[in-house]
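Engineer: Please dock the two separately framed chains into a single complex, following the hints provided.
Chains A and B are the protein sequences, given in the same order.
Taking our numbering, I'd label the letters of the first sequence as residues -5 to 723.
Taking our numbering, I'd label the letters of the second sequence as residues 14 to 135.
Bear in mind the hints are in silico, worked out from the structure with no lab data behind them.
Please note that the accuracy of each hint is not assured.
What the hints assert, rightly or not - Some but not every residue of chain B turned toward chain A, in silico, with C-beta under 7 Å: (1) SER26; (2) LEU34; (3) ASN38; (4) ASP50; (5) ALA54; (6) PHE58; (7) PRO70; (8) PHE75; (9) GLN79; (10) ALA97; (11) LEU102; (12) LYS106; (13) PRO119; (14) PHE120; (15) ASN122.
As the list claims (entries may be wrong) - 30 Å max Cα-Cα, derived DSSO-like pairs, lysine-lysine: (16) A:LYS311 x B:LYS88; (17) B:LYS17 x A:LYS431; (18) A:LYS284 x B:LYS91; (19) A:LYS284 x A:LYS92; (20) A:LYS676 x A:LYS632; (21) B:LYS32 x A:LYS311.
Built from N, CA and C at the ideal position, the CB exists for glycine as well.
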Amino acid sequence: MKLNNKFWLFAAVCIAFTNAIAVILAVLFWRQISPFERQMLIRLFSEQFWYFFATGVFLFAAFGFTLDWFFRFYILPLIQMVEETRMMNTVNPAHRLKIDGSREIKELAELINACGDQVETAKHIIDQTVESAKAKTEAEKNILATIMAELTQGVLICDTVGRILLYNRQAQRVLDKAQRPEEDLEAEKKEESALPEGFVGLHRSVYSLIDRNLIQYALKEIQRKLDRSKKNVSSHFVVITQKRRQLLVETLPILDEDKRFAGFSLIFSDITHQLKHTGQLNEHLKNMAKSLRSSIAAIRSTVDLMIQFPDMAAEQKNDFLEIVSEQAEALSRMLRNELTETSLYAKSRWPLAPILVTDFIATLQDEALFLTDIDLEVTECDARCMIRVDNYALVLAIRFVLERLKKEFNQDCSRIRLTAPGNLVQVDLIWDGPPLKIETLRQWSSLPLTAPQEGLPLTLKEVLEHHHAEIWPHTDSQEPGAGCLRLFIPMVQSERPSEDVRQVAQLLKKRPEFYDFDLFSRTGQSPELEKRLLGELTYTVFDTETTGLDPRGGDEIISIGAIRVVNGRLLHAETIHQLVDPCRPIPGESIKYHGITDRMIEGMPTIDKALPFLYHFALDTVLVAHNAAFDMRMLEMKEKTTGIRFTNPVLDTMHLSAIVHPAHEDHSLDTIAQRLGVSLTKRHDALGDAIATGEVFLKIIPLLNEKGIYTLKDALVASQRTYYTRLKY
Amino acid sequence: MAKKILIVDDEPSITVPLKFLMEQNRFDVMVVHSGEDALTAIDVFEPDLVLLDVMLPAVDGFQVCQRLRENPLRKNLKIVFLSAMTRDLDIAKGNTLGADAYITKPFSNAEVVRQVKDLLSG
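Isolated chain B (complex conformation) (with noise of 0.2 Å):
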């Protein structure tokens, strides 16, 4: 059975060409465009791995991050950070929530498959 995948990014510019790497890669793909249907989504798709952005409208991707390690429920779901913020700080940040793993953009495909696959496979 395909590993899903939910991408939550704002910006369709950076979810169709991800949905289409993601589904050349034999995932189940669902994307989302706010903090808030994502974690809505999470609950009806059941992903194994979110592709999370930080910057979103009202509810950002931290929050969303730190709301689903507060669940005990979603201990084993792998969370990437997707973010345009590339300090220390920022990645720290994310890091300090409980993601897998920070890839900051630009990226390369074959960087996010491989982080994705890594971590679906551990």
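Extracted from the complex, chain A is given alone in its bound form (with noise of 0.2 Å):
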């Protein structure tokens, strides 16, 4: 309630309750007196009106000032020391209480000051206690995250609910999508780059970064390890990355004590060059292969020739020697210029696992739904042999070519035939139908196999070839009336189980010496933001410089400025600080305040580039702002034109400030920044505001906590009821 509410609201009851009071006694007195003694009394009271009027009017203007100077000396000092007592007691210690009162007042707050004085240094003494405790861990977690730094592969851990939890700076780089807007405009000019849609950021999700199906698929062969009891559970997948980098991830279960799932670690590697070298270099070898053959061949057939027949006539002599001649040149030629020793680097890394054959189909079938209804014929294979394959993408790759021949030639596949009569796996898939030309099947081959923006944006040509396995139109003399499609894949002799072993990693009862983040006590990300705690959300604390103060009347944003705010931290290495091109004149009086110029957003993007990024950027957060009332005014001034809607709930520091001090008028940033002993060190500028009021905000939590509001609900119900919420841009 506002202060002069209060003022009103003593005076009328101090008021009221005097005027019961000498209304009860006046009416007892007149009951008592005769009715002579009532007869002069009025009569007096007619002849003397204006004195009495007089005294009356002295009296209540007495009475008033007397409440006055009570409710100032006595009633609203004691509010004011209470509410700065309780910062005292919480965010700033060395808050000091400056009330004006009556001497009694002011003795108390002096009392209450010394008192401060020696919390503080009680405070200060167990604080460097704390302190020096915390060095010691704050030094094993520093080795821990050099060494996380200086990994060359990229690390993230996840939750089970796939919130990362720990990230090095290897997987940002590799992983984060979101390149900064001047990058991409950058990057736009050469090559119509994509808008960011993902951040490798903690508690972000690692399924905006990665296809969710390539995880879950992960996590369900390495639970099908686990159910085996198998040693080396660790699972492997390729993701292509927005630009086009081809990344080996090794995903490796996280088990609690009871051996449960807690989460699971990432870990990538960069093989994009490897991956391409690889097949120049296959690509390479295979031609050489072919023209050694075929220059070898002619020879041996030519000499051949010439000695079974040596009395052949001279011009086909003459012929014959010349064909010797021009391939003993070429193999000459060949030797000289092409064969090197790079064809011993030819292994690729491609991550193909062993499995039984027998397995992999019964995984095509659990994993493509629609193949549940089809026969499974398997004869002429033995059970036990092996082939090499990356599941899911060769699955992916057989589920693609059913899907074209249901879509191109309304076939569906009955039945699946599985042989293996010499060293290849043939899988058949067959229908009543007729059979499939080469060419249709070529010119599948060169077709992604799937959309863009999932996961694997492979071609069915490039699945097959690091399977070194091809698909062919087979024609069964037996079933004439069918068509058939033959999977060839190479089988693997035997396989030696590998010395390089992933160890399951097994969270234990006592955390690990070196390790002492929190990681896994973490709760679930509930659906239900509003009951959460405030302590325990996800913030994108922002701010906006503009042109002017009226949204309506065409004042535009001219810069961005958001940080992140995790487990009540604030993370200065996940922030956003963009200058935008309002494409209008910025005007003198607002350069003034923020120091931006027409000059330096020259080349800058415009709203409708900015805005998504900070969108993406806020995504399954809670918005806060100081005065937010004017900053979502300004992004919704902005739906229409880049289709961007923010539906995130928002914060209000302004709000919020009224509601833990309601004795104070001021809750501009600057003031409320002082008063819970934050420094502002860039004012006016979108970042170091938006910085500034993350401060505050954590410090405003703990005080509403104390006024018994815990949950992001209750902030917001409350925020409703302050005075400032009328406001309106």
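Structural biologist: Shown next as structure tokens:
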């Protein structure tokens, strides 16, 4: 309640109480006196009315002044003392009471300040002790952080629902789809790059970076291996980034003490260059082998004929000698120019795991649900024979072929036949209909298996080549009416178990000494966001600088600053600081505040580019701003042109300050910051203000808790009740 | 009457000695250097056996084989692949399409003659 309102309420209660007593006394007095005395009193009052009236007015004024004095010197100082003492006791121990009031109140304030000094001294001693104890732990954390940062592989550790709990810089480098818009502009000029869609950041979902299907498939495979008590439980897959980088991802489970899934880690290696190199090398070797064979075939055949028919015509003999000479020269040229030792490095790092062929077929049926009604016939095939496959990719390839068959020829695969007559495993996909042309199959081979935004935008040909496999039309003389596609996969004769086996990570009851982050005790992401505690939520604190203060009158955003708050911590590594071209001149009077000139925003992205960036940055978080009504109005004004609509819950530090400090009139950012002991370094800079707002917000949360406001819903309801919510832009 | 053999290969260094070899073994021989020419020549020359290279420009040997096997009139035509593609997988591909034999380069003349005679006498 505002102070004025409190005063008038206080005065009204006092006057009502005094009047009530006066009226009761008057009634009692009136009843006790005789009729004659009553007549006397009425006559006296009528004759001397103005004396009585003047006395009444004087008494009323004196009473009012007394009330005001009492309110200002006793009541109001006490209210302020309560608020400021609470602040001293929680977020700003250095704060001291400066209260105007009666002598007794001032003495009380001095006493509280003296207590504050003693508490602060004691706290300082405790803090020093705690700090020295924490220093050791910090040193250990730093060692871990350094090791993580120096790893050449990217590492992400996620909880069961895929929220990132830990990441290193290398993971951010290879995975971050979030190029800054300035870089995006550069990239766009070159190759029409897409807008960023995902960020690597604490508590962000890993599924915004990597196709959920790929990870879920890997986790299922790990579960299968765990069920069979296999030693090497890691699972591999390849992910193609937006920039067409090919990343080899190793997935490892993290189990709790009861061996249940507590999370998983992903280890990334960029294999783009290696795969390209390997592919070129293999192609080169293949071509060379063909040329060698052709030349040797020609020489061998010709020489044999010359030996076998020594009496051949001279002209024929000359032709043959010429062939031998030409082919010998071709062989020499090949040896001289093309045969290098690089062939030794032709082993690809595409992750192909050895698997029983029957297991592969079971996976195929398991994963491709639409295949469940198909008869599986296994003939001439040893159930123990093994193949090396990337299960996910190969199953996807088969699904792709069957889907094309259905789409283009309206043919349904009715039978899968598995044979392994030699060194090749043959998987026949059979349907009742005409066979497929080689030309059609070659057309399909150059098509991507999935949509561009999904996990594996490789072509059928690329996937098969990585497996050294081929798919081929098969003409079955025994079934003349049936069409058949035969998938050839090379068989693995024996698979020596790898010595480089990853051990299963299992959390110990006692935390390891080198690792002290409380990563796995967090609750899962609840859809009922409003019921979650304020201290648990993830926030995006943001601020905008604008050309003016009238969003409806055409003022535009010229700068956006934002920072994430996770686990009650401002993440200074996860920020946005983006200048925006407003497509209009910046008025001189606004430049005085923010210092952003027309020259500075030249070449910067326009709002339709910058806003999606903020949108993705703030995805799944609660927005926090100071005087958020203004910033949100600026964003809302751009909904139509950008198609971006911010539906996040919003908290306003101005409202929250009014909730925790109702006795104070001023809730500007400067004043709140000063009150809460937050230093403002870069005022009227979008990021600087966002950081200051973030610090203020973190100081306000414990004060809200003291007022019984614990959850997001509590904070939203309380905010709505404050005076400032009535402000509209 | 001499049996007819069509040799399909784009490299003269292969076709010249092969033609000589087949002629010495009393076969009637015709040589073409592409898949399209082979399909035309088969209708005109009516061979009993085709010695077919895989790596041909435009229409390759596999495609020629598939088209011949789809044509009921060519059911009895013998097809022998002569190829520098020698992986198990390549051979399996050829056999899958209905080839009668798959000979890998380099080959011995005797082996080629034996295979051809076996197929034509069967």
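Engineer: Taking the hints in turn, state whether each one holds.
Structural biologist: Going through the hints against the structure:
no., hint, result
1, SER26, "holds (4 Å)"
2, LEU34, "holds (6 Å)"
3, ASN38, "violated (11 Å)"
4, ASP50, "violated (18 Å)"
5, ALA54, "violated (20 Å)"
6, PHE58, "violated (22 Å)"
7, PRO70, "violated (14 Å)"
8, PHE75, "holds (6 Å)"
9, GLN79, "holds (6 Å)"
10, ALA97, "holds (4 Å)"
11, LEU102, "holds (5 Å)"
12, LYS106, "holds (5 Å)"
13, PRO119, "holds (4 Å)"
14, PHE120, "holds (6 Å)"
15, ASN122, "holds (5 Å)"
16, A:LYS311 x B:LYS88, "violated (38 Å)"
17, B:LYS17 x A:LYS431, "holds (28 Å)"
18, A:LYS284 x B:LYS91, "holds (24 Å)"
19, A:LYS284 x A:LYS92, "violated (93 Å)"
20, A:LYS676 x A:LYS632, "holds (27 Å)"
21, B:LYS32 x A:LYS311, "holds (14 Å)"
The earlier numbered hints that this structure contradicts are 3, 4, 5, 6, 7, 16 and 19.
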